[in-house]
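Following the hints, position chain B against chain A.
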Amino acid sequence: MPESKITLEQVRHVARLARLELSPADENRLRADMDEMLAYVDKLNELDTKNVAPTTQVGEAGTPMRDDEVTNEPAADAMLANAPSRERGYFKVPKIIE
Amino acid sequence: MPSELNKLTIAEASAKLHAREITAAQLTRDCLDRIAAAEPKLRAFITVCEKEALEQADAADARLAAGNAPALCGIPLGIKDIYATKGVRTTCASRILETFVPPFDATVIERLRADGAIFVGKTNMDEFAMGSSTENSAFGATTNPHDTSRVAGGSSGGSAAAVAAHECLGALGTDTGGSIREPASFCGVVGIKPTYSRVSRYGVIAFASSLDQVGPFTKSVRDAAILLRILAGKDPRDSTCSARPVPDYERALTGDVRRLRIGVPREYFVEGMQPEVEKSVRSALKNYESLGASSVEISLPHTGYAIAAYYLLATAEASANLARYDGIRYGLRVNAEDNIALYETTRAQGFGPEVKRRIMLGTFALSAGYYDAYYLKAQKVRTLIRNDFERAFEKCDLIVAPVVPTTAFKLGEKMNDPLTMYLSDIFTISVNLAGLPGMSMPCGHDSNNLPIGMQLIAPPFAEETILCAGDAFERTGAFKPRTPVV
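Protein sequence lines correspond, in order, to chains A and B. Residue 1 is where the first sequence starts when you use my numbering, and the numbers rise one by one after that. Residue 1 is where the second sequence starts when you use my numbering, and the numbers rise one by one after that.
Isolated chain A (complex conformation) (with noise of 0.2 Å):
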């Protein structure tokens, strides 16, 4: 059995910062499967990269520049028409201070 890349205690803390509530099944099959990719990604380690520059983005370089001219009219009805929860122009959220 080779050595996991993962333990249950890291998968819970990872989940946590990812914001998902895994069941216990879930854990383990997460575990699981992470275990897995992890492996096989380390194939990557056999490559020397020291001296190569990461590749952060692939499109043509520079931030194109526009006038900052405002195209849309107001539409707070439009916005809010999606909104699981709504009141008076508001989202509406469970109360977060008491």
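No lab work stands behind these hints: they were computed from the structure. Worth double-checking, as some hints may not be accurate.
Claimed, not checked - No farther apart than 20 Å at their CA atoms in a straight line, the calculated lysine to any residue pairs in the SDA-like style are these:
hint, chain 1, residue 1, chain 2, residue 2
1, B, Lys86, A, Asp77
2, B, Lys234, A, Asp68
3, B, Lys410, B, Lys234
4, B, Lys414, A, Arg29
5, B, Lys86, A, Ala76
6, A, Lys92, B, Ile340
7, B, Lys279, B, Lys480
8, B, Lys380, A, His13
9, A, Lys95, B, Val101
10, B, Lys380, A, Lys95
11, A, Lys92, B, Val101
12, A, Lys5, B, Ala138
13, A, Lys5, B, Ala373
14, B, Lys380, A, Asp77
15, B, Lys234, A, Gly62
16, A, Lys95, B, Ile328
17, A, Lys92, B, Val334
18, A, Lys95, B, Lys234
19, B, Lys380, A, Ile96
The structure presented is a predicted model; accordingly, all values stated were derived computationally and were not measured.
Showing chain B alone in chain A's frame:
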């Protein structure tokens, strides 16, 4: 006797519409009838827009009658359910967006709409475009029109199947690691992923932003050229979108491939691939040689590392992009004690297993203590993969290779083994990592009559080279695609 106008190509239908031999209403009706007949078996659509499509057809007919209508006026298209369509539900095949109705159009939808295109419906896909078989859709898998026990490919499987089955004349997909080219190959249609940044992504639900690209599915290479010209070009609402002028791609279809230098990557013809796939692609290469092109063996030595690099980069980007689904502003909300619990339960119930798997892997790859070992390492390997292509294109103008090592696999065959599923993208993923244009087009079929695709890959912004070579192959008539059984 039905008129079956839905079987026309875009170029054919456009000529007939402009000559007033047919109406957009007839053409749209034929597509909708075909959808009604085929959908119980195919499930290529998540939402069919019959009423809207017929209204758009009437408007198109009015424009055509008035004269000077654009080329695409009256052409029925399918739209992957990843594009924001104003007033039409856009789910991304996810429970978390099941009821989401965008208040705006994606830029490419806006452009097609302005030209008078007709949208017959929103096509099925893997949830958030994560998958290679459309089995990860929250609304059920699409089947392959050539054999309904097999997958249509993914993630844009609904678009590929819909075009193959003549439910529409063309369709839009997106391609992050092969999501246009693989289903095009499995369904026997043309699918092109343009150069990264060639087409605006405003209003396209993001998966992995350094890789995602928009592209069309069509029945012919000429149709791909027609659609791409409308899709491509600068968009002030997408800062990554290139300002380069858009060529008239149709003018590149000269049929002339003399002196074209075709590179054949040795790493793309590997042991374990289906022999019929290699045979068909090699036979197409012979066709090119008889047309005056030359072929040269090339090497892309880091091919074997592409999937590993991709599954770190794409999942990392996805974990950030999908953070927005929190149950607050739109989409599903599952109420809970407090806000944090609301996020956690909403996302637990709203996302399917593959999406969770990728969010988890991506979050891990970006987390403190692991970033350098995983994410940064993958970014460096991405540079090596780009360099491979740069060197290869010193020796050739175009690369010709298989799209997928096999023809369409059986439904369920790879669902319990994520890594095996990921490996079906081995020949398509490098092209996304390098930001290159790539096209899949039919070049043969196997002994089960399943389509085989070949992939044409060119340097950045050389879509014309791809389209010219693809069209030249079509013109030889060396291979005629089989009629789907559905």
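Task: Hint numbers not upheld by this structure, sorted from lowest to highest - done: Result: hints 3, 8, 9, 10, 12, 14, 18, 19 break, sorted rising.
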